[in-house]
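Q: Chains as they are written, first to last, in the working numbering: chain B, 1 to 114; chain X, 1 to 113.
Don't take every hint at face value.
[What the hints assert, rightly or not] When the alpha-carbon atoms are kept at most 27 Å apart in a straight line, the in silico DSSO-like pairs for lysine-lysine are as follows:
1) B:LYS101 with X:LYS101
2) B:LYS109 with X:LYS11
3) B:LYS49 with X:LYS57
4) X:LYS101 with B:LYS49
5) B:LYS109 with X:LYS101
6) X:LYS101 with B:LYS58
7) X:LYS70 with B:LYS101
8) B:LYS69 with B:LYS49
9) X:LYS53 with B:LYS101
10) X:LYS57 with X:LYS11
11) B:LYS101 with X:LYS57
12) X:LYS101 with B:LYS69
13) B:LYS109 with B:LYS58
Honestly, the hints are just simulated from the structure, not real lab data.
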Amino acid sequence: AQSVTQLDSQVPVFEEAPVELRCNYSSSVSVYLFWYVQYPNQGLQLLLKYLSGSTLVKGINGFEAEFNKSQTSFHLRKPSVHISDTAEYFCAGADSGGYQKVTFGTGTKLQVIP
Amino acid sequence: DAGITQSPRHKVTETGTPVTLRCHQTENHRYMYWYRQDPGHGLRLIHYSYGVKDTDKGEVSDGYSVSRSKTEDFLLTLESATSSQTSVYFCASSYGQGEEKLFFGSGTQLSVL
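Chain B on its own, in the form it takes in the complex:
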């Protein structure tokens, strides 16, 4: 079964600085990978997803992620963060075979410092 690991529980970063949120996955089969964002007191919303094809995936709000099969990683990046990016970010994955339940990581809280 698919599992995902988010290595950082909190990431502080200054406004307009770049940020990388790390995610590693483990699976013996092909995978689908996602990043979701949760703003305070709200549900999760999809930032981007990787199904197949190009390893660089662009999402909403200027975020992008790169699928790296050799390192089993799917790190999320943004070249310049804004205060409004302060939120919790979840990496998620699903096996492409069998019943494809989505498994979430434990989340990374991004704190953008003015």
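Knowing the structure of chain B, use the given hints to seat chain X on it.
A: Frame of chain B, contents of chain X only:
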């Protein structure tokens, strides 16, 4: 975006009482899910449904049951609430499985005293 509403938004209850949380979606999604969110654990799947009256267990299903009598409604019942079930509960739905985007409700904050 998909219309998914959860009710109630907040609930406080006592240990040993039954509790039912409701999820309603207006997008005719086939798949629906209940997750709980706890610090340090992220979101964990409780139960899911792949059609009317078709449900299955997730990774943390003990103490919970679900029912889906209509496409648009998915109920989560805590049969006898315990303090360990204090959590934020999220409902989600999707057109399909796996590769499909999940649409989330706004959550229910449940406190079991």
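Q: Hint by hint, which ones does this structure get wrong, listed from lowest number up?
A: Going through the list in order, the structure violates no hint and respects every one.
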